[in-house]
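Protein chains in written order, with my numbering: chain Y, 1 to 260; chain R, 1 to 260; chain W, 1 to 260; chain Z, 1 to 260.
Watch out, some of these pointers could steer you wrong.
Unchecked claim - Label-pair distances were calculated between CB atoms; the ranges are: (1) Z:D184 <-> R:N248: 51 to 61 Å; (2) Y:N226 <-> R:E238: 51 to 61 Å; (3) Z:L182 <-> Y:E15: 19 to 29 Å.
Unchecked claim - If the Cβ cut is set under 8 Å, some of the chain W residues that face chain Y in the computed set are: (4) R72; (5) D88; (6) M131.
Source of the hints: derived by calculation from the structure; they are not laboratory data. Using N, Cα and C, we set each Cβ at its ideal position, and we do this for glycine too.
Protein chains: 4
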Amino acid sequence: MSRLVDISGVVFGGEFVVIAGPCSVESEEQIDEIAKAVKLSGAQMLRGGVFKPRTSPYSFQGLGEPGLRFLRNAGNKYGLPIVTELLDPRDFELVARFTDMVQIGSRNMQNHPLLEQIGRSKIPILLKRGMNSTVEEWLNSARFVESFGNENIVLCERGIRTFETSTRNTLDLSSIPVAKGLSDYPVITDPSHGTGVAGLVAPLSIASKAVGADGIMIEVHSNPENALSDGAQALKTEELGRLVVQVNNLSAYQYPARCS
Amino acid sequence: MSRLVDISGVVFGGEFVVIAGPCSVESEEQIDEIAKAVKLSGAQMLRGGVFKPRTSPYSFQGLGEPGLRFLRNAGNKYGLPIVTELLDPRDFELVARFTDMVQIGSRNMQNHPLLEQIGRSKIPILLKRGMNSTVEEWLNSARFVESFGNENIVLCERGIRTFETSTRNTLDLSSIPVAKGLSDYPVITDPSHGTGVAGLVAPLSIASKAVGADGIMIEVHSNPENALSDGAQALKTEELGRLVVQVNNLSAYQYPARCS
Amino acid sequence: MSRLVDISGVVFGGEFVVIAGPCSVESEEQIDEIAKAVKLSGAQMLRGGVFKPRTSPYSFQGLGEPGLRFLRNAGNKYGLPIVTELLDPRDFELVARFTDMVQIGSRNMQNHPLLEQIGRSKIPILLKRGMNSTVEEWLNSARFVESFGNENIVLCERGIRTFETSTRNTLDLSSIPVAKGLSDYPVITDPSHGTGVAGLVAPLSIASKAVGADGIMIEVHSNPENALSDGAQALKTEELGRLVVQVNNLSAYQYPARCS
Amino acid sequence: MSRLVDISGVVFGGEFVVIAGPCSVESEEQIDEIAKAVKLSGAQMLRGGVFKPRTSPYSFQGLGEPGLRFLRNAGNKYGLPIVTELLDPRDFELVARFTDMVQIGSRNMQNHPLLEQIGRSKIPILLKRGMNSTVEEWLNSARFVESFGNENIVLCERGIRTFETSTRNTLDLSSIPVAKGLSDYPVITDPSHGTGVAGLVAPLSIASKAVGADGIMIEVHSNPENALSDGAQALKTEELGRLVVQVNNLSAYQYPARCS
Numbered sequence: 001m002s003r004l005v006d007i008s009g010v011v012f013g014g015e016f017v018v019i020a021g022p023c024s025v026e027s028e029e030q031i032d033e034i035a036k037a038v039k040l041s042g043a044q045m046l047r048g049g050v051f052k053p054r055t056s057p058y059s060f061q062g063l064g065e066p067g068l069r070f071l072r073n074a075g076n077k078y079g080l081p082i083v084t085e086l087l088d089p090r091d092f093e094l095v096a097r098f099t100d101m102v103q104i105g106s107r108n109m110q111n112h113p114l115l116e117q118i119g120r121s122k123i124p125i126l127l128k129r130g131m132n133s134t135v136e137e138w139l140n141s142a143r144f145v146e147s148f149g150n151e152n153i154v155l156c157e158r159g160i161r162t163f164e165t166s167t168r169n170t171l172d173l174s175s176i177p178v179a180k181g182l183s184d185y186p187v188i189t190d191p192s193h194g195t196g197v198a199g200l201v202a203p204l205s206i207a208s209k210a211v212g213a214d215g216i217m218i219e220v221h222s223n224p225e226n227a228l229s230d231g232a233q234a235l236k237t238e239e240l241g242r243l244v245v246q247v248n249n250l251s252a253y254q255y256p257a258r259c260s
Numbered sequence: 001m002s003r004l005v006d007i008s009g010v011v012f013g014g015e016f017v018v019i020a021g022p023c024s025v026e027s028e029e030q031i032d033e034i035a036k037a038v039k040l041s042g043a044q045m046l047r048g049g050v051f052k053p054r055t056s057p058y059s060f061q062g063l064g065e066p067g068l069r070f071l072r073n074a075g076n077k078y079g080l081p082i083v084t085e086l087l088d089p090r091d092f093e094l095v096a097r098f099t100d101m102v103q104i105g106s107r108n109m110q111n112h113p114l115l116e117q118i119g120r121s122k123i124p125i126l127l128k129r130g131m132n133s134t135v136e137e138w139l140n141s142a143r144f145v146e147s148f149g150n151e152n153i154v155l156c157e158r159g160i161r162t163f164e165t166s167t168r169n170t171l172d173l174s175s176i177p178v179a180k181g182l183s184d185y186p187v188i189t190d191p192s193h194g195t196g197v198a199g200l201v202a203p204l205s206i207a208s209k210a211v212g213a214d215g216i217m218i219e220v221h222s223n224p225e226n227a228l229s230d231g232a233q234a235l236k237t238e239e240l241g242r243l244v245v246q247v248n249n250l251s252a253y254q255y256p257a258r259c260s
Numbered sequence: 001m002s003r004l005v006d007i008s009g010v011v012f013g014g015e016f017v018v019i020a021g022p023c024s025v026e027s028e029e030q031i032d033e034i035a036k037a038v039k040l041s042g043a044q045m046l047r048g049g050v051f052k053p054r055t056s057p058y059s060f061q062g063l064g065e066p067g068l069r070f071l072r073n074a075g076n077k078y079g080l081p082i083v084t085e086l087l088d089p090r091d092f093e094l095v096a097r098f099t100d101m102v103q104i105g106s107r108n109m110q111n112h113p114l115l116e117q118i119g120r121s122k123i124p125i126l127l128k129r130g131m132n133s134t135v136e137e138w139l140n141s142a143r144f145v146e147s148f149g150n151e152n153i154v155l156c157e158r159g160i161r162t163f164e165t166s167t168r169n170t171l172d173l174s175s176i177p178v179a180k181g182l183s184d185y186p187v188i189t190d191p192s193h194g195t196g197v198a199g200l201v202a203p204l205s206i207a208s209k210a211v212g213a214d215g216i217m218i219e220v221h222s223n224p225e226n227a228l229s230d231g232a233q234a235l236k237t238e239e240l241g242r243l244v245v246q247v248n249n250l251s252a253y254q255y256p257a258r259c260s
Numbered sequence: 001m002s003r004l005v006d007i008s009g010v011v012f013g014g015e016f017v018v019i020a021g022p023c024s025v026e027s028e029e030q031i032d033e034i035a036k037a038v039k040l041s042g043a044q045m046l047r048g049g050v051f052k053p054r055t056s057p058y059s060f061q062g063l064g065e066p067g068l069r070f071l072r073n074a075g076n077k078y079g080l081p082i083v084t085e086l087l088d089p090r091d092f093e094l095v096a097r098f099t100d101m102v103q104i105g106s107r108n109m110q111n112h113p114l115l116e117q118i119g120r121s122k123i124p125i126l127l128k129r130g131m132n133s134t135v136e137e138w139l140n141s142a143r144f145v146e147s148f149g150n151e152n153i154v155l156c157e158r159g160i161r162t163f164e165t166s167t168r169n170t171l172d173l174s175s176i177p178v179a180k181g182l183s184d185y186p187v188i189t190d191p192s193h194g195t196g197v198a199g200l201v202a203p204l205s206i207a208s209k210a211v212g213a214d215g216i217m218i219e220v221h222s223n224p225e226n227a228l229s230d231g232a233q234a235l236k237t238e239e240l241g242r243l244v245v246q247v248n249n250l251s252a253y254q255y256p257a258r259c260s
């Protein structure tokens, strides 16, 4: 049994949670439109990046604080708890004021100052697996957070780096039962980053539920072709609803997908 | 749609096929006992190794021709088509005389003399992905076989080698929709070798069906602790029946798991 | 030709630079003793960690500011410029006050807030390659730093993560000529982390010079068995002198390149 | 100390051996012209493929027996022992009649029927490391050969498969001292396949000697642009002489280790 992590009424470990939203919050209108579609699809939480890990100071850096407000307002309007990524420990208080859950991205899984900052609060954390990290290292990072007192931890498998090039990363679905066998953290997957290919998101989402994950996080965009980041892996808003139905239908069965 | 590959009435691409059996045929009694359990479980085909890829001339080398006879007899007795691995092109005629399907193992995915030999016949081939091979290379090996005239090809994802050590290999379930998007070969998975851990076989089998695989191949042993090879990843015969029920129940749903 | 990066008179790109020192500054006496041995060996710079990337709040965390003072004093006493790692952007001003060069570790190669902070200063940066990062991503991180105005960048190859387990990482010596072909940054290697095995440090140091690296960084300890971190890969102080002679003689003398 | 493996007077383990030649023997004139250049460069052995691991039945398959004769004649004419790859155990007697040393390629490192065949003879074997094999597995394959009585074994590191894409493979130079620490087999490297880039062959050849390898194998072609296979990684014949001088001078002279 997983521990339960409650995000304003959405309970990881107690229900199969679908988080959806754009890679980046691009404007008030964009996030409002997408949040509406997310709500209509039956997904339970809204995601959106406002601080982006930039590889160039000239690439899109995220909207920062205004983006946080847009995301918060959209979440409130449609009754969706929100999650957004934190990159810099100096932004913690700002981010924590707006969001319901803080995401730690793959590149920061071992950013210990950032982990300690969150560990010293009670804000729920979505801890992505490093793309080059073993399951054991991933769990160690979770335990590091927890050692400072914060027990509200959800893990997210997002693919590891291998020699295979037909997908952006290799989504390691074995990591779900392995992590569950070694801990009681809820574990979700991110098939969007895990594959990097929109056409692979649906089958890997279904497989994630089948293998025993507690939820999925899906990138969705009202206009993927013009997304400011990661458009190639984003579902269209109209595709999201069908996916949510598919994964919900899958759960009618009582199969013991957990590794005993 | 997959092409259909018919193995004495078991049709890959037309039904979800469960192949089960021991890593090695160890004796006439052993394979008879396991074959009976395989039949009772509802699985459709019987596997068993008689030529083993030896890393030492002192390790168990397989029973060779007597093993082929034991496997053939057990298959006949219980009405299960059989599949066994071929390692040496000089054994082709012997093996082809006994088996319904020839397996090419991970280490031989690019053994072109072996592939050509099978390609020049019509015997169905189960072509495992190399543990270090891309999906593209895997498909190229299949096309190489087909170029000699043999169209009876089924692919098998069996895990790739990565830095992760909690599993023996990393079962790459994304490869199923990727391979299906690029070809019409039926594709099955081998969760036993793909994880190397008996406790992970059930969840990854279910996920394999969910992601759209056409079948699974499962190692099973009446006494895994005393198996001559690969006992740690083998299910007990009594566990197999429950797994077959689980994967069969999963199929009642109509989800479009294939990558379009 | 490399650009020249001058660290208080030690010029990367102009001479073959040996940086040596302990993984962690453990006490004033320890760093003084090791610094003396580093100076006597002929190495040109002193390294020592004072903020450690902790995987547990209970493991050794580094001495922090007192450690910086000990390191600074030892560097001054023996005429060795110093380099130490920065983990948290909030520590930047403190660290920059003491050190001659700031190291960014493998886990932080894409920690953009940290990189931007250093980029907005002129302090020389030693940028380690991420253990899962391509050469292209490594160069992008260097260019990201430079885009804020800081040109004083030295790269450090420290091994990548692969399936091989006989070494802690796989030191990728091809990355030296590749990085030099694509940029003019000086590039050094870290054979201590790159192999994780003290007995492999000498041959890989010599190979690093042979392949065209601009220097090496070596972990050394007066008492490796009792080191607070990474003892297994540290050379003894008495081994360092012989290594410095070997790498210096490489262009004029026959050296025993075999691993002893 | 390595064991000594004597190939018609060229002694692995006793001298630094340079093997050079084309990927494929293409014609009598081609191999004669290249063999002459190889001899003039000071290299000691001639290589050339006559059976190629084909990924398509329509790609160049090697000249087969006529190629063996051309290679043998060129070796005799210029006093160079020859090495060529064996793919199929059924070709063993033919190949062994012509060649001085049999190469087992990366894809066949665990092809046990092939290894056993060579192990039952005394013909020297050049055993390449599998691109996905650990050093331990590589040594196990060598010990497997030796267990049948053949002690004339030379190992060849040829790069492993990693996530890095700027090189075709990652040449693992740490494997040289690791393999030497665990066995007494001579070990050479193949910087041509190990990097896949002609411009990287020289620095990695020099690094190979520096790290303690017993030799190198270099692809060379009189006209790389028109080579029937692997032209991108082949040196021109006129570049080979300079490289041989550089590696021979390594213990007595300053060499330009930078990649041009």
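Hints, verified against the model:
In this structure, D184 of chain Z and N248 of chain R meet the distance hint of 51 to 61 Å, their C-beta atoms being roughly 56 Å apart. Between N226 of chain Y and E238 of chain R the CB atoms are about 56 Å apart, so this pair conforms to the stated range of 51 to 61 Å. Evaluation of the 19 to 29 Å hint for L182 of chain Z and E15 of chain Y yields a failure: the beta carbon distance comes to about 53 Å. Against a cut-off of 8 Å between C-beta atoms, the interface hint on R72 of chain W is violated, since the closest Cβ of chain Y lies about 22 Å away.
Interface restraint check: D88 of chain W against chain Y, minimum CB-CB distance 4 Å, threshold 8 Å, status holds. Contact between M131 of chain W and chain Y, as hinted, is supported at the beta carbon level, the nearest pair being about 6 Å apart and thus within 8 Å.
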